[in-house]
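> With the hints as your guide, set chain E onto chain W.
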Amino acid sequence: MKHKEYRLFRYLKQPDLHAITALKTMQGLLGLSWVKSLKRYDFWTFSLVSSQCKEDDFWSLLLSGSFEFINPNKHAYDIGRLHKRRLDNRRSMFLLKSSALSPCLTLSRRSFLTDKLTDVGISYSLLWEIVCERPVEDAEACVSEMQTRLIDGQNGCSGLLVNSLFEKAEWCSQEDYYE
Amino acid sequence: MGKVAVVQFPGSNCDYETLDACLFYGLKASFLRWTASLEECQAYDAFILPGGFSYQDRIRAGVVASKLPLLRGISLAAKQGYPVLGICNGCQILAEAGLVPDIPDLDGLQMALAENRYDQRSIGFICDWVYVRFEQAHKSLFTRYFSDTDVLPVPINHGEGRFVFSSSFKKDTLELLSVMRYVDVKGSDVMPLNGSTYSVAGLSNQRGNIFAMMPHPERAAFHKQVPVSIKGSGYKSRNTQNMQGFGPWEKLFVSLKDALS
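Protein sequences appear in the order of chains W and E.
Start counting the first sequence at 338; every next residue gets the next number (our numbering).
Start counting the second sequence at 4; every next residue gets the next number (our numbering).
FYI, nobody ran anything at the bench for these hints, they're computed from the structure.
Backbone N, C-alpha and C fix where the C-beta goes; we use that ideal spot for every residue, glycine too.
Take these hints with a grain of salt, some might be off.
Claimed, not checked - Below, simulated DMTMM-like cross-link-like pairs (lysine to aspartate or glutamate); rule was C-alpha separation at most 20 Å, straight line:
1) W:LYS341 to W:ASP452
2) W:LYS505 to E:ASP110
3) W:LYS373 to W:ASP425
4) W:LYS505 to E:GLU118
5) E:LYS31 to E:GLU43
6) E:LYS142 to E:ASP153
7) W:LYS453 to W:GLU392
8) E:LYS174 to E:ASP151
9) W:LYS421 to W:GLU516
10) E:LYS82 to E:GLU42
11) W:LYS376 to W:ASP513
12) W:LYS376 to E:ASP60
13) W:LYS434 to E:GLU118
14) W:LYS361 to E:ASP60
Unchecked claim - In silico contact screen, one side only, chain W against chain E (beta carbon under 10 Å); selected entries:
15) LEU354
16) HIS355
17) THR358
18) ALA359
19) LYS361
20) GLY490
21) VAL499
22) LEU502
23) PHE503
To be verified - Far from chain E, by Cβ distances over 12 Å, these chain W residues were calculated:
24) TYR414
25) SER429
26) GLY458
27) GLN511
Excised from the complex, chain E in its bound form:
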């Protein structure tokens, strides 16, 4: 089976949870530090950029990490079709590096993560459980096992999670991608608290091998992590019998495992 690199940046704080989830679901995963050379990158077959505050979010979340030589290695691997997942700060890094949504017909920077705003007000950091649903889930290697009707609970923790798009990126462009949207518990569209454009919580590149998402699947990888009060379709609520079982994001990790097998 191929090897997964969980990339540690200075300031990553979800690296161990991400590695735990990967190992639990049978992936062959280990840490790769931000100082790694291009040659060291070549020893891996998939990359996960975990959440946290790389470089303390100095200047802008994810921007310093996006300039590292390591990102050139990951970018080269992504161009060859290797899977790359960015979670929260990892999502911000991928956006700053221009790796998502990477629509070949569009020039320049196409997407960014800006500060959270709701109703034209700056609302700062959000820490909450939300619900998400996929559209065109089959278009991404990471989301292909989910159904477009699944409503999945997941935690968010970010201050800069508002997706904004270039003027050439239209709403229709999203149909080319696997898109994760914020919804309510019934799966209906909602205006998310962070003010994200088109309610986007995550999206793939056009090729489908890169996925960037602001919510934290590694914090809902096991049933024991999900509060009892949280519901959703596509998984069973936690109870005393299934405490040790798979969480609502099992399919994301299993999909990666199957791709690397």
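The following block holds chain W by itself, in its conformation from the complex:
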């Protein structure tokens, strides 16, 4: 059977306190003063048999059928791809994906989907969009510094955005995620 993949990116309409605190911690306590902005997305990939549901019907079910994935009072979203941000050449952007090593969906979300669809695969990650005030030529050094402080951790401490004992991290290609 042919499976089709749908992608949903969700973010908060109001200021995201997790992202603000993470940014302040990076700039202050971790010494990454060149990180200028941070945005957090909840990212779901749904995989379902293409014959069981049309794409429009699927999104209608997911977005209007309940508040399980999108609460319109709180959330905005992109479908398929993120909107590309324009940056001048003094800045560069990175996309960090973190997900649980052993994924586990809340029971209510899983039952909401499986009640309506017979065969659906779901994966969930957090996407961190990191804008740095460093030119594109510095990208490698930039990633190396962020890898140490945000993912691997130093001196036995955990990384700020990822705890490697129960989460995995991946630096993503922007071509795969942006329009």
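For chain E alone, kept in the frame of chain W given last:
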């Protein structure tokens, strides 16, 4: 007697109960705020990181607090042998800072507190009374007065209390430490609701001067805090005569007091 710092982070909510318990058991304790300098840390001889939601659990429980300069001060003090106790959110902070279990032979991060899961399902926040028992209690400064047969009632309140360990940390490694495990009222092993690996509820570092525990001893420090229905060996159930008396966690505070005397 040495001075105990009860550390207040933005979002701590068990700081006053912890201070009350310390004072009740005769410890010389006061609050130390998260903005304290390394010099201010040096005025204290022991540190208790209380429960709560430091920085609203933003990003991950305990992670922001673990990056504060204050934690460097506490880490330095711990390396010199000063006692450090982390309760609930304090336990998460100590784990994120890499201060427990701190096995010198193992590299990198050795332990973390992940979201509660039972039977492969995310079960969210748990608020309940549970029972715990110690193994190698004598190996920690905080637990040395408990017997390995004591079954102690204690409340838990957490959403991220599932102990997970690095692949290099084996079950045998726990024998190097004082370990607190979830058990039933008779002291038999149980699979805890939070899905904690090896049923661990708390543990010490190898040196024995740091103890990190998810349950709340300060909420069972007095008999009046323990529901009448709760039983256990190692303490007498509450009744009208002993309402004002010492609770099941008396020995933890007394042990700290004796260490500082």
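> All the hints need checking, so say for each whether the structure fits it.
Okay, the hints, checked on the actual structure:
1. W:LYS341 to W:ASP452: holds (19 Å)
2. W:LYS505 to E:ASP110: Holds, at roughly 18 Å.
3. W:LYS373 to W:ASP425: The given pair, whose Cα atoms are some 13 Å apart, holds under the 20 Å limit.
4. W:LYS505 to E:GLU118: holds (15 Å)
5. E:LYS31 to E:GLU43: holds (16 Å)
6. E:LYS142 to E:ASP153: Holds, at about 16 Å.
7. W:LYS453 to W:GLU392: holds (14 Å)
8. E:LYS174 to E:ASP151: holds (18 Å)
9. W:LYS421 to W:GLU516: Satisfied, since the Cα-Cα distance of roughly 6 Å is no more than 20 Å.
10. E:LYS82 to E:GLU42: Measuring from Cα to Cα gives roughly 16 Å; hence the hint holds.
11. W:LYS376 to W:ASP513: holds (17 Å)
12. W:LYS376 to E:ASP60: holds (18 Å)
13. W:LYS434 to E:GLU118: Holds, because 19 Å separates the two Cα atoms, which is no more than 20 Å.
14. W:LYS361 to E:ASP60: holds (15 Å)
15. LEU354: Interface hint status for LEU354 of chain W: holds (6 Å vs cutoff 10 Å).
16. HIS355: Holds - the Cβ of HIS355 of chain W comes within 10 Å of chain E, reaching about 5 Å at its closest.
17. THR358: Holds, because the Cβ-Cβ distance from THR358 of chain W to chain E comes to roughly 4 Å (cut-off 10 Å).
18. ALA359: ALA359 of chain W check passes; min Cβ-Cβ to chain E is 5 Å, inside 10 Å.
19. LYS361: Cβ of LYS361 of chain W sits 9 Å from chain E, so the hint holds.
20. GLY490: At 6 Å from the nearest chain E Cβ, GLY490 of chain W passes the 10 Å test, so the hint holds.
21. VAL499: OK, holds: VAL499 of chain W within 10 Å of chain E, min 9 Å.
22. LEU502: Holds - the Cβ of LEU502 of chain W comes within 10 Å of chain E, reaching about 4 Å at its closest.
23. PHE503: holds (4 Å)
24. TYR414: holds (22 Å)
25. SER429: holds (23 Å)
26. GLY458: Since the minimum Cβ distance to chain E is about 16 Å, GLY458 of chain W lies beyond 12 Å and the statement holds.
27. GLN511: holds (23 Å)
Going down the numbered hints, you'll see the structure goes against none, and every one checks out.
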